[in-house]
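Asks: The chain contents come next:
There are 2 protein chains.
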Amino acid sequence: MLVFVGLGYSTRHLTMEAIEELRSADVIYVDTYTSMYEDPIIKVILELNPRAEVIVARRSDLEGAAVNELIERSKTERVVVASPGDPFIATTHDAILADALRRDVKVKVVHGISFITMAFSRLGLQVYKFGKTVTLVYPHSSKPYSVVDVIYDNLKRNLHTLVLLDLDIEKSRAMSIPEAVDILLELDYLGFLKDRLALGIARLGWRDEKICAEVLPNLALKAFPPPPHSLVILARLDPVEEFFIEYWRQSCR
Amino acid sequence: MLVFVGLGYSTRHLTMEAIEELRSADVIYVDTYTSMYEDPIIKVILELNPRAEVIVARRSDLEGAAVNELIERSKTERVVVASPGDPFIATTHDAILADALRRDVKVKVVHGISFITMAFSRLGLQVYKFGKTVTLVYPHSSKPYSVVDVIYDNLKRNLHTLVLLDLDIEKSRAMSIPEAVDILLELDYLGFLKDRLALGIARLGWRDEKICAEVLPNLALKAFPPPPHSLVILARLDPVEEFFIEYWRQSCR
Numbered sequence: 001m002l003v004f005v006g007l008g009y010s011t012r013h014l015t016m017e018a019i020e021e022l023r024s025a026d027v028i029y030v031d032t033y034t035s036m037y038e039d040p041i042i043k044v045i046l047e048l049n050p051r052a053e054v055i056v057a058r059r060s061d062l063e064g065a066a067v068n069e070l071i072e073r074s075k076t077e078r079v080v081v082a083s084p085g086d087p088f089i090a091t092t093h094d095a096i097l098a099d100a101l102r103r104d105v106k107v108k109v110v111h112g113i114s115f116i117t118m119a120f121s122r123l124g125l126q127v128y129k130f131g132k133t134v135t136l137v138y139p140h141s142s143k144p145y146s147v148v149d150v151i152y153d154n155l156k157r158n159l160h161t162l163v164l165l166d167l168d169i170e171k172s173r174a175m176s177i178p179e180a181v182d183i184l185l186e187l188d189y190l191g192f193l194k195d196r197l198a199l200g201i202a203r204l205g206w207r208d209e210k211i212c213a214e215v216l217p218n219l220a221l222k223a224f225p226p227p228p229h230s231l232v233i234l235a236r237l238d239p240v241e242e243f244f245i246e247y248w249r250q251s252c253r
Numbered sequence: 001m002l003v004f005v006g007l008g009y010s011t012r013h014l015t016m017e018a019i020e021e022l023r024s025a026d027v028i029y030v031d032t033y034t035s036m037y038e039d040p041i042i043k044v045i046l047e048l049n050p051r052a053e054v055i056v057a058r059r060s061d062l063e064g065a066a067v068n069e070l071i072e073r074s075k076t077e078r079v080v081v082a083s084p085g086d087p088f089i090a091t092t093h094d095a096i097l098a099d100a101l102r103r104d105v106k107v108k109v110v111h112g113i114s115f116i117t118m119a120f121s122r123l124g125l126q127v128y129k130f131g132k133t134v135t136l137v138y139p140h141s142s143k144p145y146s147v148v149d150v151i152y153d154n155l156k157r158n159l160h161t162l163v164l165l166d167l168d169i170e171k172s173r174a175m176s177i178p179e180a181v182d183i184l185l186e187l188d189y190l191g192f193l194k195d196r197l198a199l200g201i202a203r204l205g206w207r208d209e210k211i212c213a214e215v216l217p218n219l220a221l222k223a224f225p226p227p228p229h230s231l232v233i234l235a236r237l238d239p240v241e242e243f244f245i246e247y248w249r250q251s252c253r
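As you go down the protein sequences, you meet chains A and B in turn.
Read in order, the letters of the first sequence are residues 1 to 253 in this note's numbering.
Read in order, the letters of the second sequence are residues 1 to 253 in this note's numbering.
Quick caveat, the hints were computed from the structure, so don't treat them as lab data.
The C-beta atom is built at its ideal place from N, Cα and C for all residues, glycine as well.
There could be a bad hint or two in this list.
[To be verified] Label-pair ranges, simulated between beta-carbon atoms:
| # | chain 1 | residue 1 | chain 2 | residue 2 | range |
| --- | --- | --- | --- | --- | --- |
| 1 | B | Ser60 | A | Asn68 | 33 to 43 Å |
| 2 | B | Lys75 | A | Ala95 | 49 to 59 Å |
| 3 | B | Lys194 | A | Arg253 | 35 to 45 Å |
| 4 | A | Ser142 | B | Val56 | 32 to 42 Å |
| 5 | B | Pro50 | A | Val107 | 36 to 46 Å |
| 6 | A | Asp182 | B | Tyr128 | 36 to 46 Å |
| 7 | B | Glu209 | A | Arg102 | 19 to 29 Å |
| 8 | A | Arg253 | B | Arg103 | 40 to 50 Å |
| 9 | A | Ser146 | B | Ser24 | 25 to 35 Å |
| 10 | A | Ala95 | B | Lys156 | 28 to 38 Å |
| 11 | B | His140 | A | Glu242 | 38 to 48 Å |
| 12 | A | Glu47 | B | Glu77 | 30 to 40 Å |
| 13 | B | Asp168 | A | Val107 | 31 to 41 Å |
| 14 | A | Lys171 | B | Tyr128 | 38 to 48 Å |
[Said to hold, decoys possible] A few chain A residues facing chain B, derived, Cβ under 10 Å:
| # | residue |
| --- | --- |
| 15 | Thr11 |
| 16 | Glu20 |
| 17 | Lys129 |
| 18 | Val134 |
| 19 | Pro139 |
| 20 | Leu159 |
| 21 | Asp208 |
| 22 | Leu237 |
| 23 | Val240 |
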């Protein structure tokens with residue numbers, strides 16, 4: 001059997017079901033490359049299940065040819081793929097799931113607290129007020145104008161945009177709020193963003209999380225704990241939303 | 001102190017942090033009206049904390065004048081407001097939170113597994129492919145054309161739409177997939193929905209959850225367990241999404 005387990009972002013986020021599945025697994029692949037975890041998760045897992053084979057998985061262990069072995073083992077053993085947050089929110093492990101279903105392996109999904117939930121919930125913004133979500137990557141050969149196009153399109157519809165920031169743990173690269181602000185302002189060909197209110201969100205769900213509201217350029221001047229970081233570009237606010245945004249402005253003075 | 005605790009939708013979803021907060025509370029308001037819970041949650045809470053005053057809260061206990069008492073008690077006691085899913089996803093308890101912050105009461109938020117996470121994660125669809133989310137309510141004095149307008153607008157942008165269905169537990173009313181299909185097809189003034197592929201989702205995250213893919217009119221003919229139900233109206237699918245939609249089609253034959 002193959003069990004996908006969402007770990008949330010902290011030991012505090014572990015669910016009863018996640019703990020039960022970690023305890024009864026024969027093999028546990030711990031995804032250490034799609035996001036960061038607040039606590040020493042490997043240690044926690046080894047304590048929960050000293051009997052299991054724990055594989056500290058890199059991308060090469062959970063993509064491509066390696067998936068074959070993982071699925072083969074799932075036919076006779078209880079194999080857990082454990083990842084930060086929720087197992088499928090960013091479709092990271094969809095390919096493993098699809099492969100397993102194709103090959104008639106029994107599959108179970110254990111949901112975890114996801115960043116998307118926390119963002120939609122914690123900020124005091126309505127889930128109905130969010131448009132399409134985007135990820136901002138570092139500009140390489142081409143500039144990611146598609147990101148500002150999505151933000152513009154959402155703004156036209158009076159919808160907020162959750163902007164996830166490039167995170168590549170194996171390359172030790174994690175985009176910070178000031179970097180993201182610089183990139184966005186450079187891409188802002190219509191000038192809609194230079195006086196746009198936004199939220200800077202650092203380490204959401206961690207003990208030292210920090211949330212600030214400011215006009216976008218000024219967000220880059222605030223002090224944040226290290227990444228993971230993200231942004232919300234705000235559309236027009238209703239009165240309750242206004243209250244919360246003012247709260248996030250005051251609380252990071 | 002005032003602690004908002006998300007319970008998820010099943011005892012299996014309880015997090016370490018939620019259990020800790022339920023155990024150390026003096027007073028626990030259990031929200032029993034915004035959504036449904038798979039397990040007998042009141043019994044579970046009483047077992048976790050026999051010492052606490054447990055209030056099986058109706059809407060009138062958590063809205064309007066009653067909020068004042070709750071906040072006053074939070075100044076001297078450890079008060080928990082526990083709700084299904086995540087505490088703020090549908091902004092249900094935002095007003096209590098805002099009031100507490102205004103009155104300088106110390107506040108803590110304990111996130112829970114939310115329906116939005118599960119929907120964005122379980123279906124094999126990309127979170128980046130979802131547009132604005134909508135709630136379909138029963139047509140009363142006016143017809144909710146705004147709902148189909150959002151679906152049309154999302155489809156034009158090649159984005160899926162998560163359609164939440166009317167749920168009023170205090171009035172024992174919960175819209176089913178067949179009811180929702182009828183309402184949507186009646187509102188479908190451009191005829192975009194009558195051959196549109198969609199997902200019917202019943203009791204997501206429960207042990208007897210059921211997910212079916214079909215063209216919208218045919219979804220109404222499938223057998224689903226009782227609500228909570230919801231729909232996803234699908235835009236163009238990429239190959240991985242196609243695989244999963246075919247899976248949801250086969251699995252509910």
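Asks: Run every hint past the structure and note whether it holds.
Replies: Here is what the structure says about each hint:
| no. | hint | in the structure |
| --- | --- | --- |
| 1 | B/Ser60 with A/Asn68: 33 to 43 Å | 57 Å, violated |
| 2 | B/Lys75 with A/Ala95: 49 to 59 Å | 52 Å, holds |
| 3 | B/Lys194 with A/Arg253: 35 to 45 Å | 54 Å, violated |
| 4 | A/Ser142 with B/Val56: 32 to 42 Å | 57 Å, violated |
| 5 | B/Pro50 with A/Val107: 36 to 46 Å | 38 Å, holds |
| 6 | A/Asp182 with B/Tyr128: 36 to 46 Å | 23 Å, violated |
| 7 | B/Glu209 with A/Arg102: 19 to 29 Å | 21 Å, holds |
| 8 | A/Arg253 with B/Arg103: 40 to 50 Å | 20 Å, violated |
| 9 | A/Ser146 with B/Ser24: 25 to 35 Å | 48 Å, violated |
| 10 | A/Ala95 with B/Lys156: 28 to 38 Å | 29 Å, holds |
| 11 | B/His140 with A/Glu242: 38 to 48 Å | 29 Å, violated |
| 12 | A/Glu47 with B/Glu77: 30 to 40 Å | 34 Å, holds |
| 13 | B/Asp168 with A/Val107: 31 to 41 Å | 35 Å, holds |
| 14 | A/Lys171 with B/Tyr128: 38 to 48 Å | 22 Å, violated |
| 15 | Thr11 | 6 Å, holds |
| 16 | Glu20 | 8 Å, holds |
| 17 | Lys129 | 8 Å, holds |
| 18 | Val134 | 7 Å, holds |
| 19 | Pro139 | 19 Å, violated |
| 20 | Leu159 | 6 Å, holds |
| 21 | Asp208 | 14 Å, violated |
| 22 | Leu237 | 13 Å, violated |
| 23 | Val240 | 6 Å, holds |
The structure shown violates the earlier hints numbered 1, 3, 4, 6, 8, 9, 11, 14, 19, 21 and 22.
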